[in-house]
Amino acid sequence: MLLHVVARGRIGRGPESELVERYLKRIGWPIRVTELPDTGGRMPALEPGTRVVMLDEKGDQPGSMNFAERLGRWRDDGVREVRFLIGAADGFDDSARAQADWLIAFGRMTWPHLMARAMLAEQLWRATSILAGHPYHREG
Numbered sequence: 001m002l003l004h005v006v007a008r009g010r011i012g013r014g015p016e017s018e019l020v021e022r023y024l025k026r027i028g029w030p031i032r033v034t035e036l037p038d039t040g041g042r043m044p045a046l047e048p049g050t051r052v053v054m055l056d057e058k059g060d061q062p063g064s065m066n067f068a069e070r071l072g073r074w075r076d077d078g079v080r081e082v083r084f085l086i087g088a089a090d091g092f093d094d095s096a097r098a099q100a101d102w103l104i105a106f107g108r109m110t111w112p113h114l115m116a117r118a119m120l121a122e123q124l125w126r127a128t129s130i131l132a133g134h135p136y137h138r139e140g
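For the sequence shown, position 23 (counting from the first letter as 1) is numbered 23 according to this note's numbering, and the numbering increases by one without interruption.
Hints may contain errors.
Said to hold, decoys possible - Beta-carbon label-pair distances, calculated as ranges:
#1 E69 - G14: 28 to 36 Å
#2 T39 - G133: 17 to 25 Å
#3 A96 - V33: 17 to 25 Å
#4 G14 - G49: 19 to 27 Å
#5 L2 - E57: 34 to 42 Å
Honestly, the hints are just simulated from the structure, not real lab data.
C-beta: ideal position from N, C-alpha, C; glycine also.
Using the sequences and the accompanying hints, generate a full structural model.
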């Protein structure tokens, strides 16, 4: 199953991009990152059956195990792509939110895009590690 991160804005170079790359390289699943301009620019076309996960402050706040379980269920159901959307500075409007399969939030605080990408990359790596039975994740 392809994990596809589509983010508004360019990450550039720096410690944040290095952190994102470090986690993305560890993921044992196919992964793609698409960067779009802050405004304008078309979203890549959705293939039928693609699941859309939108990072949004109004979203659910799943634990890492729940996040992994959802990805595992989609994988086992034959979903070919899960697309993770990170919006521009103004986030997403209600019509965009309504089209998502799942809204998730990393807490109710607003995070800079670079940090949101790093946290998403880490959680994707953690989820795939959990699903592979790797002992990295520990529930407290």
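Practice problem: Taking the numbered hints from earlier one at a time, note which ones the structure violates and give those numbers from smallest to largest. | Solution: When the structure is compared with the hints, numbers 2, 4 and 5 turn out to be violated.
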